[in-house]
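Participant: Sequence:
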Amino acid sequence: MSATALYDKAFRSYLLTKYTPAANTCLKAIVALKSDDQDSTRLNIWTLYLNIASTLLVNTPFLGINMKLLGIPPANSMEQVCRSIWNKVSTEGYGSVGNTDARLVSACIAMNIELDQLAVARSIAEEWFASLSDDVMDRISANREPDQVTEGYNKVVELYVGRTLSRMHDFESANTFLDYNSVLTDTKKKAFKDIIAQEQASVETERQKKIQIEKELEEKKKEEEKLLIEEAKRIEEEKLAQEKQRLEEEKAQQEQARKAAEAAEAAASEKGTLQQEKDDATTSRSVMSQSSAPQQPRQHPQTVVRKWMNQITTKGATTSGAILILIFALFALFRGQRGRLSVALQGLMNKLWQTIKMGTKVTYM
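Under the UniProt record's numbering, the first residue of the sequence shown carries the number 1, and numbering increases by one thereafter.
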């Protein structure tokens, strides 16, 4: 089967989203290509190959990609896969980078931009620019009318400065490339510079938005931190106030208990004092009653005895017997109240006894 027939079959499978049969058939078409095939056939087959590869790489996780479907060796990263695809297109398809059709170069750059492999896209463009022969450069420079070569070159430049370097934010390299480019017309340079300026303005706008968002987030974070600090401070103040109130209540309770204890102690002391005074008063009355009671009989018998002695001396011995009996009765009475008489009373009694004996003696005589 010819390369053209295989291409048609692979293209139909691709349109039907049968990517695995499409990839296998496309690889067969690449192998079937001959040097005498038309350039359009070669371009169509390799363009289909890049479309199939781009679809598989975009819609399939990296670990799920079957490298055999792409006809490249195993790779450890998406970057290696993209570089292997570019090498397959430029080397196997056209023998060298410089001979590769500009439309395929643009397709490879666009695929890498889609896969966010900007470094690979930049490398492809710069490698291709550096590999262009002087004849090609002169042809582009001399031909001011749009043709296939010039349009292809302009497309690569647009992807390089407008979408690759700009997305990498390397605007200086993009403008420098245009300033020192001797192939592009002034009109094209201005058009590309406008694209760069627009992209730069867009990037700057996005950067300002990002800065504003970050600023707002930072302010929001600070405000939240401030609120958290204030809330923590409020909670701490509430705790301190509660602790202070608790201490004051405890202090008040202790003070109240102390006053109650002091009042109870004072009441007990006052009660004890009153009881002591009462006891002392009772003791004093008891002592006074005990000490005053014997004194009256002590004076009274002395007075009575003296009266009796006077009566004895005046009446004589006629009544001495009765008087003697009365005296002994009084003596017995005094001994009952006090154990012994005072010295003065004893002396008085002795004198009385002597007198009585003298009276009795006279009577006998």
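What the hints contain is simulated information worked out from the structure, not anything from laboratory work. Quick reminder that beta carbons are idealized off the backbone N, C-alpha and C, glycines included. Treat each hint with caution, since some may be false.
Said to hold, decoys possible - Quick list of the computed label-pair ranges, beta carbon to beta carbon: (1) K226 / E204: 43 to 49 Å; (2) E219 / Q198: 52 to 58 Å; (3) G98 / S40: 17 to 23 Å; (4) S133 / S40: 28 to 34 Å; (5) Q242 / E219: 21 to 27 Å; (6) R207 / D36: 25 to 31 Å; (7) Q254 / L227: 38 to 44 Å; (8) A267 / L227: 16 to 22 Å.
Claimed, not checked - Mimicking SDA-like on lysine to any residue, the simulated pairs with C-alpha atoms at most 20 Å apart in a straight line are: (9) K193 / L178; (10) K193 / R122; (11) K193 / I229; (12) K155 / A110; (13) K220 / K189; (14) K34 / T47; (15) K88 / M137; (16) K189 / A252.
Participant: Each of the hints needs a verdict: does it hold here or not?
Facilitator: Structure-based check of all given hints:
1. K226 / E204: 43 to 49 Å: violated (32 Å)
2. E219 / Q198: 52 to 58 Å: violated (31 Å)
3. G98 / S40: 17 to 23 Å: 20 Å Cβ-Cβ, so the 17 to 23 Å window holds.
4. S133 / S40: 28 to 34 Å: At roughly 22 Å between Cβ atoms, S40 and S133 fall outside 28 to 34 Å, so the hint is violated.
5. Q242 / E219: 21 to 27 Å: violated (34 Å)
6. R207 / D36: 25 to 31 Å: Violated: the Cβ-Cβ distance is about 54 Å, outside 25 to 31 Å.
7. Q254 / L227: 38 to 44 Å: holds (40 Å)
8. A267 / L227: 16 to 22 Å: With a Cβ separation near 58 Å, A267 and L227 fall outside 16 to 22 Å, so the hint is violated.
9. K193 / L178: holds (8 Å)
10. K193 / R122: holds (18 Å)
11. K193 / I229: Violated, because 52 Å separates the two Cα atoms, which is more than 20 Å.
12. K155 / A110: Since the Cα atoms of K155 and A110 sit roughly 10 Å apart, the hinted pair holds (cutoff 20 Å).
13. K220 / K189: With a Cα-Cα distance of about 45 Å, the restraint between K220 and K189 is violated, given a limit of 20 Å.
14. K34 / T47: holds (17 Å)
15. K88 / M137: violated (25 Å)
16. K189 / A252: violated (91 Å)
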